[in-house]
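Novice: Protein chains in written order, with this note's numbering: chain A, 1 to 819; chain B, 1001 to 1934.
Don't take every hint at face value.
From the derived model, a few chain B residues whose C-beta atoms are all more than 10 Å from chain A [stated by the list, open to error]: (1) 1101; (2) 1182; (3) 1358; (4) 1541; (5) 1584; (6) 1653; (7) 1673.
Simulated restraints, written as ranges between beta carbons of each label pair [what the hints assert, rightly or not]: (8) A:395 - B:1647: 14 to 20 Å; (9) A:217 - B:1442: 42 to 48 Å; (10) A:506 - B:1584: 33 to 39 Å; (11) B:1805 - A:220: 26 to 32 Å; (12) B:1340 - A:437: 55 to 61 Å; (13) A:749 - B:1584: 22 to 28 Å; (14) B:1373 - A:395: 55 to 61 Å; (15) B:1283 - A:395: 44 to 50 Å; (16) B:1442 - A:221: 45 to 51 Å; (17) A:477 - B:1584: 34 to 40 Å; (18) B:1647 - A:437: 25 to 31 Å; (19) A:749 - B:1308: 47 to 53 Å; (20) B:1584 - A:451: 24 to 30 Å; (21) A:219 - B:1867: 56 to 62 Å.
27 Å max Cα-Cα, derived DSSO-like pairs, lysine-lysine [what the hints assert, rightly or not]: (22) A:293 - A:278; (23) A:343 - B:1559; (24) B:1799 - A:122; (25) A:697 - A:668; (26) A:347 - B:1128; (27) A:343 - B:1361; (28) B:1128 - B:1361; (29) B:1631 - A:344; (30) A:386 - B:1631.
Just so you know, these hints were derived from the structure itself, not from any lab. If you're wondering where the values come from, they're calculated on a predicted model, not measured in any experiment. We treat Cβ as the ideally placed atom computed from N, Cα and C, and that holds for glycine.
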Amino acid sequence: MNTSIVRPALWVLLSGFLALQAAAFTPSVGIIQPRGGQRGTEMTIRLAGDRLYEPQELLLYKPGITVTKLEKAGDDHKVVNATITIAPDAPLGEHLMRLRCKGGISYQRTFWVGQYPIVNEKRSEDNKRDLNSKFDEPQEVDLNTTVQGVADNEDADYYRVQCKKGQRLSVEVEGMRLGRTLFDPYVAILNKERFELVSSDDTALLFRDCAASVIVADDGPYTILVRESSYQGNGSCQYRLHVGDFPRPTAIYPPGAKPGEVREFTFIGDPRGEIKEKFSLPAEQRNFDAVVKNGDFFTPSGLPVRLSPLPYFNEKEPNEGSKEATPPEAPGIPVAFHGVLSKKSDKDWFQFLGKKGRKLRAQVYARSLRSPLDAYIIVRKAGEAKQIGNNDDAGDGSPDSLLDFDIPEDGIYNINIRDQLYGSGLDYTYRIEIAERGPSIAASLPYGERNNSQKWKMINVPRGNRVGRVINIGRSNIGCDIELETPQLPSGIKIDRDTIPRSQNAFPIMFEATAEAPVAGGLYALKVKDPASGLTGPFNESIHHIEVNNTGTFHSYHDKRISIAVIEEAPFHLDLEIPPVPLVKNGTMNLKITATRHGDHKDGITVTLPWRPPGVNAPSSVTIPKDKNEVIMGINANGDAAVGKWRIYVNGESGSSKGPILVSSPLKPIEIAEPYVGGKIELAATEPGENTDVVCKVDVHKEFSGDATIALSGLPHGVKTKELTINKDSKEITFPLEVAGDAKKGKTANLFCTVVISENGHPIRATAFGGGVLRIDPPPPAPKKPVAKKEEKPAEKKTPAEKRLSRLEQLRLQSKNNK
Amino acid sequence: MKFLFPTLWILCILCGSLGARTFEQIRPILEQNCLECHNAKKKKGGLRLETRAMMLEGGENAEAVVLDKPGESEILRRTALAPDHEEFMPPADEKSDREPLTGEQIAALRQWIEGGAPWPEEVTLTQKPRTGPVEDPAQPDPDLAAIEVHPSRVTLETAADFHRVIVIARSMDATSRDVTAWAKYTLEDPAKASLDGSLLKPRADGETKLRIDFRGQSAEIPVTVKDAAKPRPISFQLDVMPVLTSSGCNTGSCHGSARGQDGFMLSLFGYDPKGDHFRLTRQLSGRRVNLALPEESLFVTKSIGEVPHTGGKLFDPDSANARTLISWIEAGVPYDDESVALPVGIDVEPKQYVLKGQRVKVPLTVRARYADGTDRDVTTLSSFSSSNDNSVAIDEGSGLAKSKNRGEAFLLARFHTYTEGTQAIVIPDNLAYERPQVPDFNYVDTHVHAKLHKLRILPSALCSDEVFVRRVFLDIVGVLPTEEERKAFLDSQEAKKRDALIDQLLERKEFTEMWVMKWAELLQIRSTGNNANQVSYKSALLWYEWLRDRVASNQPFNKIVYELLSARGGTFKNPATNYFKLEADVKKMTENVAQVFMGTRIQCAQCHNHPFDRWTMTDYYGFASLFSQVKRKRAEDPSEQIVYDGGGSIKHPVTGQNAPPQFLGDDAPADIKSKTRREAMAEWLTANDNPWFSKNVVNIVWAHFFGVGITNPVDDVRISNPASNPELLAALSSKFVEYNYDFKKLVRDICTSRAYQLASQANETNAKDLTNFSHSLIRRVRAEVLLDTLAQVTETPNKFQGLPVGARAVQIADGNTSTYFLTTFGRATRQTVCSCEVKMEPNLSQALHLLNGDAVHNRIRNGGVIGRLLKEKETPEAVIDALYFRCLSRAPTDTEKRKLMEGVKEAKDDKERAETLEDIFWAILNSKEFIFNH
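All chains, full assembly: derive it from the sequences and hints.
Specialist: Listed below in structure tokens is the structure:
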């Protein structure tokens, strides 16, 4: 891990109480200014935000920057100044930073390393407007400078440089990449007559950012225009404009190589033509950023080369058909192909050997390596017209193609590639990898909030306390249990977790810090593993610096490390009490959550149940009121809940004057079980004012001790009954219904019985059975001759009333009575 | 009344031989005036006049003719009564539009009766239409230029075929009259065909000629007879369906309604014959048709009114229509086999009528052409309508048109899915007209003047230079001339200074911007939101810039449209693709393209054949099929989409089959080989020989300068809404093609024409003319231009989103950007392709906004124009002059100036004087003259 960590002061372990006085939780850093620096220099950067108490260190994701001083600026804890040294060989481009304070780790923010001296855009004294908004009043800058400026609303910024005839003038803008706001820069190089020599808005190479390069025709001034592409900038639309005579190629060929290899690459697209350069490639399997230079000055951003151990073949033109496919001898799998769609409507063909039954994946790397190509691939058996498969886009938002296919029989197979719109160009480079579809697993932290991908991405564990997370599991081509592996963790932290069953794609884990754990933190690479096969996978972090609701993401950062820290003691502990009885299907249960408050913490605590076993529902949150220490959360299991033993926890989030803090309860076991009692409600019918019975058949699935109460619910207005009891031997139970004269007429479906069984002094509540129907019919018309018939009635008397009449018998009796 | 002379002349001759009235001279009087009621069917008053015996028998109350006492003849008594007398004959009746007999006719009748009412035994009279005065075909007419016979050739196929010939006489003054009834017909070989009046029927196979003689002119048409002995089998589609359509059974208000009528539904205007056959014969078995007793079929008895029918009686039991239905049922209600030759078009003749005076009646003849090369006279099976009842009315069933007031009408005949029309012009019969000697500035005037001559309309005079300079500035560049520009023009002594000014204006940037705005409206360039499938502001802006670059670089307009319609790629990378992002529905996209680029609305044909135009559902879905392969996918940038062409097709809802791609109006499948369907469509649309595209564009351009299109509205080209001057449209269109679609040259032609430079003051003849460009129409200045001119004269720059201060409203890229002012004055929201989006009608809120709103008042205050003018010009008079020049491009009249100065003089000090001048400025800006271009 190439993290440079500086601890400017030895921190002293203070008592919990004292720490609470000093620290504040959840420090927030909004922005780092300036937005970048020049390598080989020392500078002070300003991290502005909130609750920046007791800054401890900057967590850095890349080598090349060291922090020599970290101190607060002012007493409002809103700004921290860091003095940093940028090494002369620090990687160019984006450097991610987090600030760790005693109260936690901040969000990730970006800082950009360049090679040129930085000048600021000239602004009026009151800083309300810039002074370079007119072509005739540009800001003079030297070649090989980086300008930090702002594209305000309807603002155009003009910079003038003096060039020599034949010189290359290149510009590149970091705008969207600065990761601050949705900012789409536009850049153009204009001559004296205001004619745009070259302009750039969006580029395949830089996405929404832009770069342009031109060989100037005359000695003299040239003007560079920077603006928001549709004049919709604002004060947050900062940019870094690199102006220089650096090369600005748009592609590199081949776009892939093997790790550790030494080989020559061709840079394509620079106005001076191709540039060849030899590189010793690193030994790791990753993307390598290739930069090329003119004199001392490199391209401001590199061109990615995919490093992978696969054997590869570069296309040999002509390869427009099966017979000319590259390479002449079909290689086996796995294999990679490289090419450029350079001719008009170009199509490139490759061949490989397929073995019957092999499950393969063809994956194109073009746009992911910043090629303008929008690939479209087709796989066929050599000599056959029938396609085995084709693909345009993988479906993950990238235009790169991905095709999973199976080999039907041994033989030679072709894959051909073209641009989806039949486009072509010298920089339409691509790499195709064909390999067996292997299994893979990975874990990640879910996004905590819409448009806020960083929420809950930092694991800030208070000393002597715990913080839980539900992690997402991704499995591809495999179904397996997953175990979390923790090769490194901050001292004093352990993770309480269970094996994640194959059925689960999200599962809780618990970070726990001992009371003695030192306040510390950093970036840690965790892993996941299939215990059966030994397959491992990374624990990924994906952060979207710019994300627009309903549209998508515009700048993201991915890493295989997550940030974990031990922080100062939290002002409360949380505990979860689960009754020692199972939660049965269709049952409910009350969870008791208790808070132990320390010091003078009184604020309300919002309690959530972040993970529920399948089929279990809970309210989105409950609150432990201010000054109270307890709350009940009612949860329930539906009929499809997964029977078994699980562990759950609750989170408690409290906004105190020291900033919001989240702690969790320990993981506690809960059992989901089949219901003890089932049954059926028989249909009942009556008339208003006529009492009746509802008979229920009772099935006891699992014996229980003592009596259980059973209640009939869902009765219509005007109908009452009473609660009864059953025991393990009950077979049938009859609810006497009191039907009022004004009872609601009609059919009432969905009567149900709830049973409460007591076990170990704890209730097991459940809806045991339902689906009952009660019909209250309007009374029949009055009998025609009631008086004449009266004589007959006594003869009937009350027949043995003990025997309950079936519905049919009731009807018979009724019709008899009516006669 | 020119007709009168020959008539009187004939009558004079007749009068000369008193008592020698022959039956042949009386016959037309009876046939045209009396037989309509006194026939076997109607027997009005118990009287029939078909034979002499019947006439002598008399009616229920009196003897029609008393031979021995001619004076007591009822016929003479009644015809001589005052026209409003209740016993007057022939009675006035709106429907038949009978007119009183003339004095000559009554005299002739009297003489005839006095002469013993000669009437050959064998002659039975039949009713004849009263289309014109009696004419003697043998008597030459020096005024007659030519006779026209329609159709120009007759082919009679099968025994049942027939063709009625109509003969039109064209006078020297280009007016026409129907002389069918009076012409003399001679068949060269009577063995081949029979002739009943002008109705030809087959006799034997072969060829012959029909010679027509009329008053010194003659014509000959070939007659071909084929299969004279062969009966023609009854066809559901060829015989029964036309009866349903011509009788109005399948209209939307009757059984053609989506839910049918009284439990019986037919496809609207017969778009689905197979379905109609099913509903008639099988939907309710045994109800609608009775195979055993065809005459008893409900289908028949309802239509002849024998049993109650909500739609009433549609035709007589012994009519041809009823006979058709019955013979179809007798034949066992067959449906046509695949080989049946369907109509491929109709010809309506004659193509043009110029009618002089009121109540001139002329017929139309409709001939249907079938796929197998045969044709039929379908006049009686067609339905007719007039675009202007006030000028020419037409009988829906018979196609007999009648002139009314001065004006122009388009007479339409519809048969099967085809609609064709004839232009009819009515001119007053006592017009003192002489073709004016006005010069043609260019070809535009040639056509405009030709049309005006036809209408006997005199164009207004040329407008003054003062008016011209304001008009041309507003129209071409959308700004008012500055005082200096105005003066330079007025002072110029150049002979062709108007042309020079036009050339100068065409080179200005504002000209391009105006047209970018107009095309942007039609392309609906607007942002709809920032979601992935919406058009973002960035997209809209890029798209507008795309259009602007092309218009500015003078790219031929057809190339721009080709690029747009065949565009593929990312919506940021190739912004023209936003056209397909904006509208994702294939059908709406199809309709939009037809409406914007062809000016025709095909929406109706989505569900049924177009009732007033040629479009069928097959046309619609064939054309839609060309758009059915447009696909969209997400680009890497989540707010961008990629538009491309994939597979897919659209189903014809009646057949349930995929509609083969077909260019609109073409019968053959489109050639889509080696190109995408959209490329093929765009290529066809923008080709030089496309019948729609260039005409539509020139019409839009024309409408900008004249306030009305040659076809108006510009996006409603339809057979029933023809161009007011087709020759002009065709000439402009071919010039536009010749100019390689450079509309700058087109605008030059339009603006340098005399027609454009006419004054708005009308004369007696053209005051009512709004469509023939005989004078300049007063037009409200459109919203953007008005706001820009307001900003211009008050010197208060505008500020719009995404544009620098001082930008003009005309430059706003996004249709979604608007201000209260622009909305009130009807800026297009670009939500639809309709040309009606730009509202040019003045309304109250506009007036109130100008009067009370901040638009005018604040601008006058903020601009400080008055203060500056006072300093520069020194005297209030000079300031008033300057304001008039600035806003109205003219000097104030003496009266205006005097009255305004009275107000100024009342001011006590400089401050008050300035305020009064501000009020004057305000009043000028609120004047109609400022808001309108005249």
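Novice: The structure should be examined with respect to each hint, and the outcome stated for every one.
Specialist: Quick rundown of the hints versus the structure:
no.	hint	result
1	1101	holds, 80 Å
2	1182	holds, 71 Å
3	1358	holds, 63 Å
4	1541	violated, 5 Å
5	1584	holds, 17 Å
6	1653	holds, 31 Å
7	1673	holds, 16 Å
8	A:395 - B:1647: 14 to 20 Å	holds, 19 Å
9	A:217 - B:1442: 42 to 48 Å	holds, 45 Å
10	A:506 - B:1584: 33 to 39 Å	holds, 36 Å
11	B:1805 - A:220: 26 to 32 Å	holds, 30 Å
12	B:1340 - A:437: 55 to 61 Å	holds, 60 Å
13	A:749 - B:1584: 22 to 28 Å	violated, 45 Å
14	B:1373 - A:395: 55 to 61 Å	holds, 57 Å
15	B:1283 - A:395: 44 to 50 Å	holds, 49 Å
16	B:1442 - A:221: 45 to 51 Å	holds, 49 Å
17	A:477 - B:1584: 34 to 40 Å	holds, 36 Å
18	B:1647 - A:437: 25 to 31 Å	holds, 28 Å
19	A:749 - B:1308: 47 to 53 Å	holds, 51 Å
20	B:1584 - A:451: 24 to 30 Å	holds, 26 Å
21	A:219 - B:1867: 56 to 62 Å	violated, 49 Å
22	A:293 - A:278	holds, 12 Å
23	A:343 - B:1559	holds, 25 Å
24	B:1799 - A:122	holds, 25 Å
25	A:697 - A:668	violated, 36 Å
26	A:347 - B:1128	violated, 78 Å
27	A:343 - B:1361	violated, 71 Å
28	B:1128 - B:1361	holds, 13 Å
29	B:1631 - A:344	holds, 22 Å
30	A:386 - B:1631	holds, 24 Å
Against the hints set out earlier in the document, violations occur for numbers 4, 13, 21, 25, 26, 27.
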